[in-house]
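Just so you know, the sequences run in chain order C and G.
Following the numbering used here, the residues of the first sequence are numbered contiguously, the last one being 284.
Following the numbering used here, the residues of the second sequence are numbered contiguously, the last one being 1266.
Just so you know, these hints were derived from the structure itself, not from any lab.
Be aware that a few hints might be false.
[As the list claims (entries may be wrong)] Covered, in the sense of this in silico footprint (three residues per stretch, anywhere, with C-beta under 8 Å from a C-beta of chain G), are these stretches of chain C:
(1) 145-157
(2) 173-179
(3) 270-276
Here a beta-carbon is modelled for each residue, glycine too, at the ideal position from N, C-alpha and C.
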Amino acid sequence: MTSKNAPSASATSSPASEKSGLAYHLRRIWYLGQDVVLPVATFIALLILWEFCVKTFDIPVYLLPAPSVIYEETASEWSIVWGHTVATLITVLLGFGLSILISLPLGFALTSSRHVSNAIYPLLVLTQSIPKVALAPILVIAMGANELPRVAVTFLVAFFPLVIAIATGLLSVPADLIELSRSYKTNRVQELLRIRIPYAIPFIFSGLKAAIALAVVGAVVGEFVTSDRGLGYLIQTSTAFFRMPLAFGAMVLLSIMGIVLFQLVGIAERVFFPWSSSKQVFAS
Amino acid sequence: MPGRATTPSTEAQRVTSINITNASKVFESWDGEEIVALEDISLDIKENEFVSLVGPSGCGKSTMLRLLAGLILPTGGAVEIDGTPVKEPRKDTGIVFQQATLLPWKTILDNVLFPLSVMKEMKPDSEQIARDLLILAGLGGFEKKYPDELSGGMQQRAAICRALVHDPEILLMDEPFGALDALTREEMSLELLRIWTERPKTIVFVTHSITEAVLMSDRVVVMSARPGRIMEIIDVPIDRPRTFEVEASNDFQKCAQRIRYLITGK
Ligand SMILES: Nc1ncnc2c1ncn2[C@@H]1O[C@H](COP(=O)(O)OP(=O)(O)OP(=O)(O)O)[C@@H](O)[C@H]1O
Ligand SMILES: [Mg+2]
């Protein structure tokens, strides 16, 4: 395909004359600030408040360690902590990958016909009504004390919103578009690949974002039940020895992991499917 | 249809006549109530004829096009193209839907090329054909834009290009100019007539504009609602090529008045 593009039509609609003025730069900084500076500033303010309260009210370290203490203790054991972080990350990614692998065909099956949907939908809901914490020890007996039960718990926690998002997306294709594709004699596979899946992409990414956040939760649940590695395991062992700063450090790392993975999914959406994320309309 | 001689269509001689015989279409609504969208429709359309459908909202114009497109089947009677019943969509039909129905994840150019790519009929010159069509429709320079970057009228014009890209023998158009302003609309209708003269095809054209119908058509089918029926078929005895000057002619006025009378009763 030749890439003769049309610069004539791509002029931006923003007032071009103001682009160099001070006001323009200030406004840009303000917009940037709303996205980055504002949350960061709030976070730092909270940390300072936390540190201040712990110091002034002399809160004992087993109740609530100060941020500085958390940082020092975690940094001093960094090589060990890093090993646990990688172990958890692997469980999260395996569980997340498994969720995708299973949710996609499941989503297609759910939307392929009313009968299939009626047959498997109740089963799906059933898997969600079982408390995963209760299921985990059973899985350990069945699958052995290895990575497998942790990945299984992660999958069970994460896959459900993904399946629902995929099915919802595939079913919300407007009848018009389906008629358009049928009028060009598409078969069902083509209809799925060329109309339904592209249309469902924004839905699927919503599901992926929910799934990755839940996968972190699932991995920790798995580690609580059976593990000799991972941040969940680290939290358990450190609390057992009243090493609260280390437990807090592991918790912070878990949330950082969750945030980074979530953002990565969002970035993947923007990079590979720019039309999907460009259509977000906020309420205000 | 016993007794009808079926003419085998050959590549050299494109015979594309449409025969609708006592066709009806009954929809069933959620509560089991029956909606008679079309009742006892009989209409024969000759090869390369330009026929317009006019009538009040809900009289079944879109339903008729979807029958011709093979997207739905008649509940009674027969719809035939070249003597064979229409049971499914045909490759040689192009459709412009009432809504633009562009794929939001494809550029305008890829949208126009969609029929060829999905029917695996992409050829080396296909892209040039699509670009030329877009220029013709006044969309030159917008090839790489996405549909939501275009206005409603521009989207509709892109949809017209998409219906023309595989040079279909039958073109079904459901209010294709509905979203256009009056000036663009006139321009586009003359452009469509020009394309039709250059590459003759059978066109069935739904419109709410009586003058548009008379200006463009060989015959105008006036329909009535509930149930959808054909009231009258009006021949337009005006020579071609036509321009807007024919609107002043006596024949034009007579046709337009007759149609207006049938629809509004005045
Ligand atoms: N899929 C469907 N299910 C049930 N009823 C339908 C369906 N499609 C059309 N109808 C009914 O058939 C009748 C004719 O509809 P149609 O869309 O063909 O009208 P139209 O002439 O195209 O109207 P308009 O000018 O407003 O587009 C309407 O009463 C409509 O409610
Ligand atoms: Mg209609």
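Results for each hint:
no.: 1; hint: 145-157; verdict: violated (count 0)
no.: 2; hint: 173-179; verdict: holds (count 4)
no.: 3; hint: 270-276; verdict: holds (count 3)
The structure is inconsistent with hint 1 alone, although it conforms to all the rest.
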